[in-house]
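In case you want the letters, here they are:
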Amino acid sequence: MATTFRSQLSVPTFRWLGVNGTERILPAQQSENVTISGQTDTVRLDVSEDAAYMVTGGQTVIMDIHAAQAYLQTHLQADAGEKIRLVQLFHGETVCSRLTVDLDDLAEVELVQIYLRGSDTVSDTEVHMNGRKSAFTSHIGYLQDEESHLDINLNVIQCGKKSVSDIDVRGVLRDCAQKIFRGTIDFQKGASGASGAEREDVLLTDETVVNKTVPVILCAEEDVSGTHGATIGQLDAPAVFYLQSRGIPESEIRELIARTKLGGVIRHICDAETERTVWRLLGREDADATESES
Amino acid sequence: MELLRIEHLSAGIEDKELLHSVSLTVGSGETHVLMGPNGAGKSTLGYTVMGSPEYHVTGGKIFFEGADITDESADRRAKRGIFLSFQNPIEIPGLSLSDFLRNALEQVTGRRIKLWDFKKQLRDAMDVLQMDPVYAERELNVGFSGGEKKKAEILQLLMLKPKLAILDETDSGLDVDAVRTVSAGIAAYRAKCGGSLLIITHNTKILEALDVDRTHIIADGRITAEGGAELITEINRCGFEKYTEN
Amino acid sequence: MKQKTQVADIDRSLYDFRYEEDATDLLASGITPEIIREISEEKGDPDWMRDFRLHSLEIFAKSEMPPWGPSVEGLDLDNIVTYIRPKSRMNTDWNNVPENIKETFERLGIPQAERESLAGVGAQYDSELVYHNVRKEVAESGVVYTDLESAMHDPRYAEMIRTHFMKLVPPTDHKFAALHGAVWSGGSFVYVPAGVRLEIPLQSYFRLNAKGAGQFEHTLIIVEDDAYLHFIEGCSAPKYYEAGLHAGCVELYVGKRATLRYSTIENWSKNMYNLNTKRAVVAEGGRIEWVSGSFGSHVSYLYPMSILNGRGAHAEFTGITFAGAGQNLDTGAKIVHNAPETSSHIDTKSISKGGGISTFRSAVTVAEKAVGSRSSVSCESLMLDSISRSDTVPAMDIRTDKADIGHEAKIGRISDDAVFYLMSRGLDEQSARAMIVSGFADNVSKELPLEYAMEMNNLIRLEMTGSIG
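Going down the list, the sequences are from chains A, B and C. Counting from 1, one number per residue, gives the positions in the first sequence under the numbering used here. Counting from 1, one number per residue, gives the positions in the second sequence under the numbering used here. Counting from 1, one number per residue, gives the positions in the third sequence under the numbering used here.
Mixed in with the good hints, there may be bad ones.
As the list claims (entries may be wrong) - Quick list of in silico lysine-lysine cross-link-like pairs, DSS-like style, CA-CA up to 27 angstroms:
#	chain 1	residue 1	chain 2	residue 2
1	C	K43	B	K16
2	C	K167	C	K43
3	B	K79	B	K192
4	C	K167	A	K133
5	B	K61	B	K149
6	B	K79	B	K163
7	B	K61	B	K16
8	A	K162	C	K410
9	C	K402	B	K16
10	C	K410	C	K256
11	B	K119	B	K192
12	C	K410	A	K161
13	B	K16	B	K163
14	A	K162	A	K133
15	B	K161	B	K119
16	C	K167	C	K369
17	B	K114	B	K61
18	C	K410	A	K189
Everything labelled a hint here was simulated from the structure, so no lab data went into it.
Model the full assembly from the supplied sequences, consistent with the hints where possible.
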């Protein structure tokens, strides 16, 4: 039986903006829930069809998501004091991903998501920071071109005292690409001493792109500090002239800055093989980064 | 041999004309000094020769090795061999100095450069400037002190080996040691590729180690005096007053 | 809630018509085409306006409540029917005005006559004397400043009203815009001819005497090319209406290279639902400057919208919202960049205290053709305790690469260091905190004329400490 996949903004806003949510009809789910636990080495997962994963215990998981069509469900259970790193590399076609994260006391989760092309990607992440002094860090990078659609929703709910969240998003939109990023930091009552920061930096390089950014902060606690920021736009004119004056043509400057933006996210993958894969997908066979890392 | 020829160049920013019919010729291997009080149009000249889109040419022409480059983009001019050291180098977060330089070098030379060769060249150049090698992996100009930015500009000069280097107030805000280092960098550039220099300055410390061929004084957007190296000594003694009132 | 006790005072016989029409829609149940016709007749509306009202009523009956934002469930629409019914008489007197309102009048030092006017009871405050001088100067400059109803009947302006009225905010915009279209009453009409720069601000405060005005009032301002106007709406004294609903509408037309500054200090009584719609359209090189202080009401929905239709048009929004106990204030701004090289700047502060909820909500859109546009948004929220709430819900929709858009938001509390610093200089803690909050609000106070800025600071101090000075 088909099911409806919904990804919704934490609190609805003006309807005419069309940013409140997204729906996709998914065919029947076949995937079994696979539990990943207690592995000392990095776990590499190749996602080419529907899949469901449950990750517990301190470890690193790298997902290479290249399915033509898939529904991916992932749950990260970071118990007290444990640390989980999850890298998700999206370069499939029509992909819906639901990621849920639970953090207990002193738990840490680092999430790296990279979105390259893909005709229709919907990624919904909900993070529950229930634990005291829990920490959630995410590095999200995207390069979308042609007719691609990317829909990201990240909702970080901070209940834990002194919990710390940090969301850093960098992306490039070209051609007729469309993207929406909804990011919420939700400070719940009782989250005293909590802090959260969220930033999105979007470079638009064609006049036909559509960028939507909705950075929400919800706050029901006095003793917190939260910030969010967004910068959206074109290359900075003085910077373009500076680089041009060193002999780099404008078309190459766009490429260079685009790579630079993504490079800042890619280096957080901390896995040479995956980093090489990403650079290869970006058309850099002799990838600068991988060479200089070695 | 003639390298740069500026003919009756008028240029400005937005609606304001800042240079009025300036003419100037720099020959191959020569060292020229452009001096003048603040706001005289020195930097405007540098930026216009480099092709900054902020400045509009309203009259006259710029030739480089005989080719009219008045309407060319900055990267085309750079490929021809023009280099401008910026007074305030732009910070580009996320882009490492070394990635940037390798890219620029490949563009200017039109050749791919092996990483190993590039790194060696870069290390050598950094040695000349007594720069800590870690700067190669730092983000371009981000968080650099004034002196570090100036050194990074000279580093690019050494790496890109242009035919003409326009140095815009490269010595300003530097302490004595830094001026010495920057001067050594300029000397190395001269020794290595014999390029021409057009040094924009209102102070003369940096010129001490150089054989100046020609000095141009600019005031209110016009060249008001020209001469040899002796003009620098005179400016040092008497200032610009004599050349500004007319 | 005090609201309940007021309802008990209403003459029940007025509800008799309640089930006559359209019983399926509870909200429309009280307001019937008959009542609208009665209003229209009493006001002597031209035919087009009567038809407009009836058409708006149909839209009102059909449209749903906003599915986002604070709840308006507590809104008592029967009470509104009572109020808008033309033949009904206000059966209230000063004694029915809630105590907290009276106290605030007392503290702000408002004269008794004025208090009664502000409270919407008893004799109308005769402001004509005060107003006379202003009117003379204004008339000499060729500026028209009158109430909208008279303007509609004046052959010189009738056509202008017909071609502009609710064209910017059509009744289809949302349910309460439709209600406004059906029952609107009173309000201001200002026309500033091309090239006229009016140095003194016009203040709608003096115009809130007409019956129903200040509640469903309609403000229509046309500033022609190269003209300048500063219009000030409201005042810091709490305005009290039994009906508990304010659904006003403001439409501003700003000509080429013209500037309109529209300042509002609003302090509706804490039983009010303030569902106000404000919108400006700006032509080439024109500027709209909104200065907005929201202090009162139980629930507010207020997002002045600027539509930048001409090349180089500019919008500026400076706002402060203070949500205290029992208040849910959802405020912000909307900017539509619809032409090349348009620019906008939003700077807002919000404060939540004593269980109050404040939400900053914004929308910035940049159309494909708005190349070279720039926008910056900065919003800062202050939480004064942990029983309050403060949310920030901005959205940006950018459809050209030739744009520079920046957004910054910050949420936090009063720093202990700052309080300690002031206390070390001899202030008690409460005053220190009040002073810091006043400072926090200075983005708005420095944009207001001095007397308004002082009133606003008094208001903040009152909210913070319960007394002035």
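Hint-by-hint comparison with the structure:
1. Between the alpha carbons of C:K43 and B:K16 the distance comes to roughly 59 angstroms, so the proposed pair goes past 27 angstroms and is violated.
2. A C-alpha spacing of about 21 angstroms is found between C:K167 and C:K43, which places the hinted pair at or below 27 angstroms, so the restraint holds.
3. At most 27 angstroms may separate the alpha-carbon atoms for a hinted pair to count; B:K79 and B:K192 meet this at roughly 18 angstroms.
4. Distance restraint check for C:K167 and A:K133: the Cα-Cα separation of roughly 54 angstroms exceeds the 27 angstroms cut-off, and the hinted pair is therefore not satisfied.
5. Simply put, B:K61 and B:K149 have alpha-carbon atoms about 31 angstroms apart, too far for the 27 angstroms limit, and the pair is violated.
6. As the CA atoms of B:K79 and B:K163 are separated by approximately 10 angstroms, the hinted pair is consistent with the 27 angstroms bound.
7. Taken as a hint, the B:K61 and B:K16 pair is honoured in the structure, with Cα atoms around 18 angstroms apart against an allowance of 27 angstroms.
8. With a C-alpha separation of about 18 angstroms, the suggested pair A:K162 and C:K410 falls inside the 27 angstroms cut-off, and the hint holds.
9. A threshold of 27 angstroms between alpha carbons decides the hint, and for C:K402 with B:K16 the separation of about 25 angstroms falls inside it, so the pair holds.
10. The suggested pairing of C:K410 with C:K256 is violated, with an alpha-carbon distance near 35 angstroms, which exceeds 27 angstroms.
11. Between B:K119 and B:K192, the direct Cα distance comes to roughly 18 angstroms. Compliance with the 27 angstroms bound is thereby established for this hinted pair.
12. Taking the CA atoms of C:K410 and A:K161, the gap is about 19 angstroms. The hint holds against a cut of 27 angstroms.
13. Between the alpha carbons of B:K16 and B:K163 the distance comes to roughly 31 angstroms, so the proposed pair goes past 27 angstroms and is violated.
14. The straight-line distance between the Cα atoms of A:K162 and A:K133 is roughly 5 angstroms, inside the 27 angstroms bound, and the hint therefore holds.
15. For a cut-off of 27 angstroms, the pair hint linking B:K161 to B:K119 stands: about 16 angstroms separates their Cα positions.
16. Straight-line distance between C-alpha atoms of C:K167 and C:K369 comes to about 23 angstroms, which keeps the hinted pair within the 27 angstroms bound.
17. Restraint check: the Cα-Cα separation between B:K114 and B:K61 comes to about 39 angstroms, which exceeds 27 angstroms; the hinted pair is violated.
18. Taking the CA atoms of C:K410 and A:K189, the gap is about 18 angstroms. The hint holds against a cut of 27 angstroms.
The structure is inconsistent with the numbered hints 1, 4, 5, 10, 13 and 17, although it conforms to all the rest.
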